[in-house]
Amino acid sequence: MHLGAPQQMSKTATTERSDQAFRISDVWANKRSRSLIIQIIAVILLLTFIAWIVDNTIQNLSNLGVETGYGFLWDPANYDINQRLIDYTSRSPHARAALVGFLNTALVAVLGIVFATMIGFTAGVLRLSKNWLVAKLMTVYIEFTRNVPVLLHILLCYGIVVNSLPHPRVAAEPMSGFFLSNRGFYLPRPIFEDGSWPIAIAILVALVFVIWFAVHAKRVQNKTGVIYPVLPVSLVVIIVLPLLAYFFSENPVTVDWPELKGFNFVGGVAIKPEFFALWFALSIYTGAFIAEIVRGGILAVSHGQTEASYALGIKPSWTTRLIVLPQAMRVILPPLINQFLNLTKNSSLAIAVGYMDVTATIGRISLNQTGRALECMSILLSIYLAVSLLISALMNWCNRRISLVEH
Amino acid sequence: MNRFLLNIATGSVLIGLGTLAQAATLDDVKSKGHVQCGINTGLPGFAYKDNAGEWQGFDVDFCKAVGAAIFGNAGGVKYTNLTGATRFEALKSREIDLLSRNTTWTYSRDVDLKLTFVGVNYYDGQGFIAKKELGVSSASELNGASVCIQTGTTTELNLADFFRVNKMDYEPVPIENNEEARSNYLAGRCDVYTTDASGLAASRASFKNPDEHIVLPEIISKEPLGPLVRHGDDEWGDIVRWTLNALILAEEYGVDSSNVEALASGTDNPEINRMLGNEGEYGAMLGLDRDWVVNVIKATGNYSEIFDRNIGPDTPIGLSRGQNASYKDGGILYAPPFR
Amino acid sequence: MTRITHKVYDKVEDLPAPITSIGVLPWFRDNLFSSKTNIALSIAAIYLTYLIIPPLVQWAIIDAVWFAGSRTECWATSDGACWAIITTRIDQFVYGDYPSGQRWRVNLTFILLSVALAPILFNKIPQRARFLLFSLCYPVVAYILLIGGFGLQEVETAQFGGFLLTLVIGITGISISLPLGILLALGRQSDLFIVRIICVGFIEFIRGVPLITLLFVASTLLNYFLPPGTSFNLLVRVLIMVTLFSAAYLAEVVRGGLQAVPKGQIEAANSIGLSYWVSMRLIVLPQALKVSIPGIVNSFIALFKDTTLVIIVGLLDPLGIGKATLSDATWQGLSTEVYIFVAIFFFICCFSMSRYSMYLERRLHTGH
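Chains as they are written, first to last, in our numbering: chain A, 1 to 407; chain B, 408 to 746; chain C, 747 to 1114.
No wet-lab data here; the hints were simulated from the structure.
Each hint should be verified, as a subset may be incorrect.
To be verified - Which bits of chain A does chain C cover? Going by a derived footprint, with three or more residues having C-beta under 8 angstroms, they are:
(1) 30-40
(2) 51-59
(3) 144-153
(4) 351-363
(5) 372-382
Unchecked claim - Subject to a maximum C-alpha distance of 25 angstroms in a straight line, what follows is the list of computed PhoX-like cross-link-like pairs (lysine-lysine):
(6) Lys870(C) to Lys1036(C)
(7) Lys574(B) to Lys261(A)
(8) Lys753(C) to Lys130(A)
(9) Lys315(A) to Lys223(A)
(10) Lys521(B) to Lys485(B)
(11) Lys705(B) to Lys735(B)
(12) Lys485(B) to Lys538(B)
(13) Lys870(C) to Lys315(A)
(14) Lys485(B) to Lys439(B)
(15) Lys456(B) to Lys485(B)
(16) Lys130(A) to Lys218(A)
(17) Lys782(C) to Lys136(A)
(18) Lys261(A) to Lys615(B)
(19) Lys456(B) to Lys615(B)
(20) Lys437(B) to Lys485(B)
(21) Lys31(A) to Lys1009(C)
(22) Lys130(A) to Lys315(A)
(23) Lys705(B) to Lys437(B)
(24) Lys539(B) to Lys261(A)
(25) Lys615(B) to Lys539(B)
(26) Lys485(B) to Lys705(B)
Small disclaimer: the values here were computed from a predicted structure and weren't measured.
Cβ atoms here follow ideal geometry from the backbone N, Cα and C, with glycine treated the same way.
Sequences and hints are given; from them, build the entire structure.
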């Protein structure tokens, strides 16, 4: 073995190379300089592209004589919005119309998320039940709902509600004071008079007590294993305490009953068919996806856990609640929050049924009446981007908190 | 593929020449071979599909008239269906050359949206239609009612103003287009449907039992409906404007589709001679053929023929000329002279 | 030595097992009625089924009117579903406004589509390589057949409608967004800072907004971004938006798949001297795509369902055709039938796609 020879060869090799002149292809061969060049080219291309688009836009706008500027937001909107959570008249500015729309979006999104989660978890758990009939029914529900576009669900729901419910003048009255018609579901609204502050205080006290009790019960259980009945006690406290305050205060709560005046019901709380159709359709559609996620999460928990739990004598309902679900949540949470995001974005289909969410107000009506497509679209896209980024940040935070740290 | 490449080529040429004014619409239309006309998605009498699948209607006939003015026959037109929300963008972005979609002429549309109305082909007003069983006989009794309203229209704004000024409350039910408004109204989701009175008559005609519905007497706004074009192309605007005027003048002079051929060879009436191309070079001034008006009348008839054929008293729509009669017959239809 | 005599027993026939242990009855007992909650659930489920299924079947099939001239005719005959609206207008639903004389071109395109898809989807096709070659040229063939040229009459895209439009948008979107999504995913995890920033920004932007707002942008704003005087027709603009939308979601799915490939694979590829693109093509992407197949097919299904949204910008997909039909006075008021019909079409397509995804997973299952 001549170890010297290869060394000599490599020495000559290096000295040979360093004698040669610098070549352009060396720049390409070197990984760092190559990546630098590619990035510089990419930046140049991107900037050129953006400049081209901006130039086109400016030319088009000036040729068509379209004005730009966000000042129109303070002009009166001149149109009415039928469902709103805050005050609004047709003289309010476009900015307020956008705010009304945004609150409507938030309302249907939050309620939809709550209901969809309830449906999703129930359907997911039921799908895994041993009862063949129930499991098959859930499968049918999930498959039919998932494979049909959400727009169809919304339109079908709305069509059924509007066409099969009666006219307000012959409204159905399932309970006295509750009216069901094709203009909406009307409920009596409680009005809290001046003397009802004891009730508010009672509710606050009850909540504080319930939270303290839950934490205390957990601590006791961890130390001694004794389990306090947290749920029944909390329910009793939350219901009884405000009731006691109600009876002992001077001016109890009055009720605003809905009444039929002329064409429609006046007073009370109204759940309009547009809102109901949108909310119901979104809930069952997203609920089907959540059910699949929940099922996947539960199946991901190792079967050994359930077997060990049964071996310890823990009954099945406690096993599901205390052993399986907490571990399944780790797998369920990220796609679950993704579905929440999807539901919020799907709520933009509200214009298909005439529910005035933010897409319908600033993105449709304001845009058409003022002609400011660029400004209105930019506002609309920014609102959705902000909401999405917020929910994504929430998801990342949850992910970090519950994820298993791999060592 | 060809149109795509042509578009890219045109775009590059234009960029290469720097800022350049728009290609004139007339040249565009002539090279395309047809007028791209924006019409309604479906409004009985004004724009609807017949059983053969062809578009017919009062507004559609105007498109055909413009096409005939340029190409000599009624075939030089292609249609784009537009909702209330998309119509102005389509016109501004050059997707269509001409919007003939029962659009109201207003200050803001003319000035702010930078569009040009070339005239009024139907003087209308906004009204309400309600079911007789509600027992309503006037719009002032509508406090608290649910009203179906098409979004993106002047009717929406007029409705808000009407109810606010009269200190009444109402529940607006916003929908995208006529068909949904009609089905919601018939299903009872709203008590009242509001749109231009001509649209009300058209809708009423399409209902199963027209007698069960009543058009309330109040007309709460002025709705002069007319065709529009973009700002900045006066030559094209002149063509469309004078097509409309020619239709109105033809009725005034007694020229219709049955006698236009005979009259085209020469008459004693100097007005008719100028209009039909026997005197002067009026066609060339617009960049059209000498007998462009003859082609228009042959293709669609004059204003009264268009009216009677589509929305007249003998049609299911059943509108009378009313304000839309010629000024000689007590209406306000008046076109400038052809000289 | 005594003779050991063995008693010989006659073989007696086995008695049948008690009915409570085999057959239908035990299955009922174990599955449906095993515990109190189960009994309650089963009774509730049976009651629910009884409430829904028989009236549904009665309305949809038994009492239904299949052929009639108008809604009034239907309702004069029976109270059931009036499917006549579908059967009379079926041409509109399938072809939209496509000229009736040229519909053979659409039929031919669909037949060729199945021929083009078969070698891609199934690997047991004989002569697969030749068919794959045809699949490669299929887009051009389909374009010529549908739009025109080479002696075929030109048909404007504005005349596409109904199921034809859905399939055009869906299949074009799917085929273009997959390579684009893979590129975006690779760009998102590249070492080049600028490329990564661009890809991340693009993906997060697209995923943060609803598709319908992007379609609004396509129909109102996209023409402003193009040089003065040019404009794409609406279908092309919608296709661009739908493809970009789907590509962003696919990029996330593929990114998950790329992260599932062990880092050792890339290191091993580098150590034997494979360049970035070669190692991606031969080593990393095949593994990544295999893992992300369920996610990819889910994205495709979502894209297909999202094609219904184009009705809001004025294109006439089956829902749009349905609404236009409903506006005709002869067919007013039959919205439920129209929506159920379109729902069944989508269900069949999407369900088949999800079944195919399960088949693909089974076929590629390598024991992970």
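Hint check results:
no.	hint	result
1	30-40	holds (count 3)
2	51-59	holds (count 4)
3	144-153	holds (count 8)
4	351-363	holds (count 4)
5	372-382	holds (count 5)
6	Lys870(C) to Lys1036(C)	holds (18 angstroms)
7	Lys574(B) to Lys261(A)	holds (16 angstroms)
8	Lys753(C) to Lys130(A)	violated (48 angstroms)
9	Lys315(A) to Lys223(A)	holds (22 angstroms)
10	Lys521(B) to Lys485(B)	holds (24 angstroms)
11	Lys705(B) to Lys735(B)	holds (24 angstroms)
12	Lys485(B) to Lys538(B)	violated (38 angstroms)
13	Lys870(C) to Lys315(A)	violated (50 angstroms)
14	Lys485(B) to Lys439(B)	holds (11 angstroms)
15	Lys456(B) to Lys485(B)	holds (14 angstroms)
16	Lys130(A) to Lys218(A)	violated (32 angstroms)
17	Lys782(C) to Lys136(A)	holds (19 angstroms)
18	Lys261(A) to Lys615(B)	violated (29 angstroms)
19	Lys456(B) to Lys615(B)	holds (19 angstroms)
20	Lys437(B) to Lys485(B)	holds (13 angstroms)
21	Lys31(A) to Lys1009(C)	holds (20 angstroms)
22	Lys130(A) to Lys315(A)	holds (15 angstroms)
23	Lys705(B) to Lys437(B)	holds (20 angstroms)
24	Lys539(B) to Lys261(A)	holds (18 angstroms)
25	Lys615(B) to Lys539(B)	holds (14 angstroms)
26	Lys485(B) to Lys705(B)	holds (19 angstroms)
Checked against the numbered hints listed earlier, the structure breaks hints 8, 12, 13, 16, 18; every other hint is satisfied.
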